[in-house]
Amino acid sequence: MRADAILETRGVTVRFGGVTALENVDFRLDNGELRCLIGPNGAGKSTFFKCLTGLLVPSEGSIYLQGEDFTGAHPHAIARRGVGIKTQVPSVMNTLSASENIWLSARQAQTSREANRTTEEVLQRLELQDIATDEVATLAHGKRQLVELGIVMAGRPSLVLLDEPAAGLTGEEVERMVSVIHELNRDAALVIVEHDMHFVRSIAQAVTVFHQGRVLTEAPVEAVMADPSVRDVYLGKRA
Amino acid sequence: MLREASLSAIIGLILMLVAPFVFDDIYTLTVLVIYGLLALSLGFIWGFGGILCFGQAAFFGLGAYAFAIASINFAEPWAAALIALIVPALFAAALGAMLFYGRLSDVYLAVVTLVATLILFKFMNSTAGSAYKIGNARLGGYNGIPGFDTLTLPWDRSEYLIDESLYYFCALILLAAFLGLRWLLTAPFGRILVGIRENELRAELVGYDVRLIKTLAFAIGGMLAGMAGMLFANWAEIVTPNLFSLSQSAEVIIWVIVGGAGSLLGPIVGAFALGALKFFLGQQTLVDNLFVLGSLLVLAVLFLPRGIVPTIALLFKGRRKGIRKKGARRTSRRRVRHAR
Amino acid sequence: MDFAAVVVMEICYAIAVLVLISTGLAVIFGMMRVINLAHGEFLTLGGYAAIMSNQAGLNIYLSILVAAPLAAAIFGFLVERLIVRFLYGRLINTMLATWGLSLAMIGGFSMIFGNTTTGITTPISGFAVGKYQISGYNLFVIAIAALVIGGVYLILKISRAGLVARGAMQNPEMAQAFGYNTSRVYMFTFVAGSALAGLAGGVMAPLVGINPAAGAAYIAKAFITVISGGTAVISGTLASAGLFGFVSQTFTFLATPVVGEIALLFAAVVLLRLLPTGITGRFLKDKV
Amino acid sequence: MSVNRRKVLKGAAATTAVLAMPSIIRAEETIKLGSILDTSGIFDLYGKPMDKAVDMAIDEINSAGGVAGRQVEKVAYDTQSDMALYTQYGQRLARQDKVDVVHGGILSASREAIRPTLRKNKVLYFYNVQYEGGVCDRNIFCTGITPAQQAEVLVPAAMEKWGKKVYVLAADYNYGQITAKWIQHYAKQAGGEVVQVDFFPLDVADFGSTIAKIQDAAPDMIMSVLVGGAHLSFYRQWAAAGMNTKIPMASTTMGAGNEQVVLTKEEGDGIMLAYSFSKQLETPANQGFLERWKTRYGATDDVHELAVATYQGVHLWAEGARKAGSVERDDVIAALEGGAAFDGPTGRISIDPKTHHATFDVHLVEVKDQKMAVQKTFVQRPPVDTQTVCNLEENPNDTTQYEIDI
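Residue numbers (the working numbering), protein chains in the order written: chain A, 1 to 239; chain B, 1 to 340; chain C, 1 to 288; chain D, 1 to 406.
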C-alpha cells in the first residue's frame, strides 16, 4: 500500500440478502486526485459511497483511509478522518440558517471562535453572504446545493465525495459548481458520481466506470468515452 | 441573545414573586411549578432533541423514590436530593445509550420508553411484601413510601421547607433550569443538538457522534425530570407507584404539546394551564376530567400542532412567514425519514 | 401429564388473546402506518356493546360476534372521518391524537356507564382434562383468534380488496393513477381494524369484565406486540404474539403473574434492541 | 375555589365567600366537617356511597339539634382517585378551610398521604374504611373493620365446614399481604394449614394459570383477599372453569363494594364472608337505616360496608363531641376514649382507647342469590390485631403504622 493513496478499497463486496450490490471492488485514489464515477443506475455507485462514509458495512473487503483500516468504522469517525460528502438530494438542516449549517460543520473540529471565522470564510468563498441568515428550507435548489457544499468545505476535508452535484442545476449554476469543485480540489481529493458527461468532461481527467456492482474500467475521460464496451453498458442506453 | 435571556429571567422572577399574592393557594401553586419543571424536561428533549419519550414519568418517579429511599436511609435530605438527581440521570443515560446506540427511533423509541415505564410501574406495585427493602426503606408496593424526612434549610436543620419556602425553592429551581437550558441551547452543545434534530444523517456525516450527543441530552432531560420528582416527593411527603403510571406520562406529553414543544416556555405554560384546569375540574362533577383533557389533546393536535406559545409567537412575527415555516418543517421531516 | 396439557392450553390461550387484541391495531399500523392508541378503548367499546346488547335480550353469541364489532366499526368510521384522516403520514401526530381520544373515551365511558365493572356470564361451561377443570370459553377464544387471523390473511392475500388495499398503502400515487380512491381504502382499513378491536373486546368481556379504564390493560400489550412484530400484519403479529404469549405464561407458571408480565416487557425491550424495526422488519420481509 | 359546590349543604356559600370572613365568626356559626373522598375515577364505586353516607349522617345530626347547639356543615373535595390530590386537598382542609374534623380517605395510601398533615395541624381525623390495621396515632380514629376481626371468625368457621387445607389468593399490596398473614395465623390455630399464598397486583385480570395451579394443589377451600375491578374476573373465570361447584370459597373482601350484585347468582353463591354490615341483617336499627337511605336516595343498591362505616364514623364523632360538649380535638378524643358509643345499623360501635380502633359486632354471612345472608353474629369484637402492637395510653406520641408480625 502506498502512502500517497488517500483512499484505497480492497475486494469490497456488499450483499443484501441474495442480491450482490457490489462485488470485489478495488479502488484507489491518490492525494489531490479528482475522479469521476460513472455507470448506469443500479451499477453500485451509491452503495459504494455508502461504504466509504460508513453508512454501510461491506460484507467483505476492507477500506483504507490514508493507509489506515476504516472498515466498519462509524460515519462520524470517518468524517473526523477528513471525509466529507455531499449527498444526492441536498442533506441540510432545513430550519436552520445557511451560516448555522456551515458553522455546525466547522465547529466539529474547531473552537467556536475559529468556527465563526471559518463560516465567514466559506460563505465568502461560495458567495453566500446575502443569504447567510436565511432559513435553508426557503432557498432555491441550487443555493441549497451550495450550502451543502459549504458544509462539506467547512469541515476542511482531505477527501470529498460528491453525489451528482450538477443534478437539477441551471446552466449558470453548473458553471459555478465547476469552479467550486476545482477550488475544493486545491485542498482535497475528490470522488464525484455524475451522469452528465459534459460535466464530467469539464472537471475530470480520470474516470472509473461501474457496471453491475463491479469496476468495469478505469481510464482517462476521452479513452472511456471512446470505449465501445462503456458505450454499450452506459452511454448507449443514455444517449 | 444575552439581553433577551436576562429579560426573561427578570420577568420570570417577578412572575414567581407575584404569583403567591394573586393566586392564594400556595400549595397548588407549588405543584404547578413542579409540573412545569417536569414539562420543561420533556420539552427540552422532544422540542430540541427530537426525541419523543413516552416514559418521562419513569425519571420523575425514580427521582421521587430515590429521594424518599435515600432520605430514610441517610437522614440527610440534601444528600438525598443529590442522589435523586444522580439516579434518574444515570438511568436515563443507560436507557438512552441502549436506544441511541441501538439506532431506535420514532415509534420504536416510544415503545421502549413506554415499556421501561411500565416495568418500573409494575415492579413498584408488586413490592408490598416485607422482602422488598432498600436499607431501612420498605418499598411498600401499591401504598408507596410515606414518612421520610423532607428538605430543611441547610443551615438550620429544624426549619423545614414547607409552604412559602418550598414554593420559592421550587420556583427558583424552575427558573434556574429554564435559564440553564436557554444557555445550553445557545452553546455549541445545544446548537449541535438542534442540528441533529433537523438532520441526524448530516450531523453524523460532518463528524458528530450523534449517539453520544443524544444520550447526553436524554440524560439531562432525565435529570431534570428526576429533580421534579424529588421536589414532588418533598411537596407530597409520600411517593406511590402512580408516579410511574402511564397517565402520568400521558399528562406530561399533553402539557408539552398544548404549550408548544418547540420552545422552552411552551411546556411550562402548558403544565401551568392544564395543571390548574385539572384542579378546577376536580371541583365539579358534570364533566369527567379525563374527557376534557383528552379532547383538548385531540383538538391541540388537529388545530394547534405547534402549541400555544409558538403559535402566539408566530402571530407576532407575522402570518406569512409562519405559514412558510410550517411547510418547510414538514418537508424536512420527510427528508429525514428518507435519509434513514 | 394432565398438568402439562393444561399448561400448553394456557399458553395457547395467552397467545390467542394477544393475537385477538393486536390484530386490529396491526392491520391499521401495517397498512396505514397509523398507531391507534385508542385501540384499547375500542376494545372496551366492543365490550360494552356486547354486554349492553346481551342485557337488552340479544343472544350472547350475536352480542359478542356481531354487536361488538359493529359498534366499534361505526365509531371507527366517525373517528377516521373526523380525526385520523387529517393526520395521515404523520405517525407521531396520529399517536398523540388517538391518545387524546383514548383519554376522552375513558372519561366518556365513566360519565355514561359509571366506574363499576360490569360483565356477562360465559356461555360455555368448563370441562375436564384428566383431574383438571378447564374453562371451555378459552377454547372458544382460541378458535376465534384462529378465525380472525385466517380471515385477515385470506382477505389480504387472495381477495381483490386486499390487493387494492396493499397497493394503495405501498404507493398511493400509483393506486390513484389506476383509479382507486385511496382515501376510501384508508377509511375501510381503519373501519376494519376498529371492527376487529370491537370483536376482541366482545370476546374478552365475559372473561374479564369491562370498566371504563379496562382498555389500558390491553393497549400497552397490543402496542408492544404490534411494534415488535413489525409491519407485516399476519406474520408479524403471529410471531410476536407467539413469543410473548409463551414467555409470559411460562414465567407465570414458574413464578407469579407479575413476573410473567415483567418477563414479557423485558422480552420486548431485548427484541427491539436486537431488531430495531421489529421481527418482520428484519425477517419475513415479503410476507403480509 | 375549593368546595365541591354541588355538595355544600344549607346556605353555605362558595368557599371564597366563606374564606373572606374572619375565622372567629365562622367558628361560632357552624362546625365544619371536612370530607375527602374519591367520588370520581376508578374508586368512585366506594367513594360515592360514602359521600352520600356523610350527607345523611350530617343531616340527621343537624335535625337532632346539631352538636353543642351548633349546626354541622360539610366541606368536601373529590380527589378523583388521584393520590396526589389527597395531599393537596388535605392541606387545604387543614390550613385554609380550618375544618374541625376530617372524615375520609379510602385507600391506605390516601390515608397515609393526609394523616401526617392533619396531625401536624391538629385536626382530628376519622378513617372509616376496612383496612389492614396497625395505625397507631392519637390523632386518628379508624372505625373500619380490620383483618383479624374478620379472619378470627371467618377462618375457623369455614375450616370447620369445608376442611383443613387452605389456598390463599391475595391482592399484592399492604392490605392483602397483612390479611394473608392473619389468615395463616388463624388457620394454624384451628389446626389447619395454608398450602399456598399467591399475590396478584391490582391490575391482573387473567387467572387462567392460577386456576390450574389451584387444582394442582387440590385444597379444601379458597380464601380470597382479591380487591378491585380487575380481580373480579377471578370469580368469573373460576365459575367459567366450573370450579365454583368443586372447591368452596371464603373471602374478606368480596362484597365490600357490593361485588355480590355485580356477579351473577351462579358465580357468587356459597361464598362465605365476615363483615360488620349486611343489608340482610334483620335488626330494627339496620332496617330503619336502609329505609331512611331509600327515602333519601331512592334505592339501597349502592349501600355497602364502607358507606355504613362512614355513616357510623360521623355519628360516632358527633356522639363524642356531644359528650364532650365541644368540638375541640382533645375534648373529643377524651370523650371517645372514655366510652362514647353509637348504636348504628351494625349494632353498637365504640372506640378501643388503646388503639383508637373500633369495637363492634361482626357477622358471618354467606352469599345467596346475590344477597349476604347472615349466618351468625359475633358480638362486640375488639380490634385484636392492632392491639398487639399499639398502646396509645402508654405511648401517646406514637405515629407509626405497624406491620403486625404474627
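It is worth saying that the hints were derived from the structure and are not from the lab.
As the structure is a computational prediction, the values presented were derived from the model and not from experiment.
Please note that the accuracy of each hint is not assured.
[Said to hold, decoys possible] Each computed DSS-like pair below joins lysine-lysine, with the alpha-carbon atoms no more than 30 Å apart: (1) D:K188 / B:K133; (2) D:K120 / D:K354; (3) D:K161 / D:K120; (4) D:K122 / B:K122; (5) C:K131 / D:K213; (6) D:K120 / B:K278; (7) D:K48 / B:K278; (8) D:K161 / C:K131; (9) D:K188 / D:K165; (10) B:K278 / D:K122; (11) A:K143 / B:K317.
How the hints compare with the structure:
| no. | hint | result |
| --- | --- | --- |
| 1 | D:K188 / B:K133 | holds (28 Å) |
| 2 | D:K120 / D:K354 | holds (21 Å) |
| 3 | D:K161 / D:K120 | violated (49 Å) |
| 4 | D:K122 / B:K122 | violated (36 Å) |
| 5 | C:K131 / D:K213 | holds (12 Å) |
| 6 | D:K120 / B:K278 | holds (27 Å) |
| 7 | D:K48 / B:K278 | holds (20 Å) |
| 8 | D:K161 / C:K131 | holds (24 Å) |
| 9 | D:K188 / D:K165 | holds (10 Å) |
| 10 | B:K278 / D:K122 | holds (29 Å) |
| 11 | A:K143 / B:K317 | holds (25 Å) |
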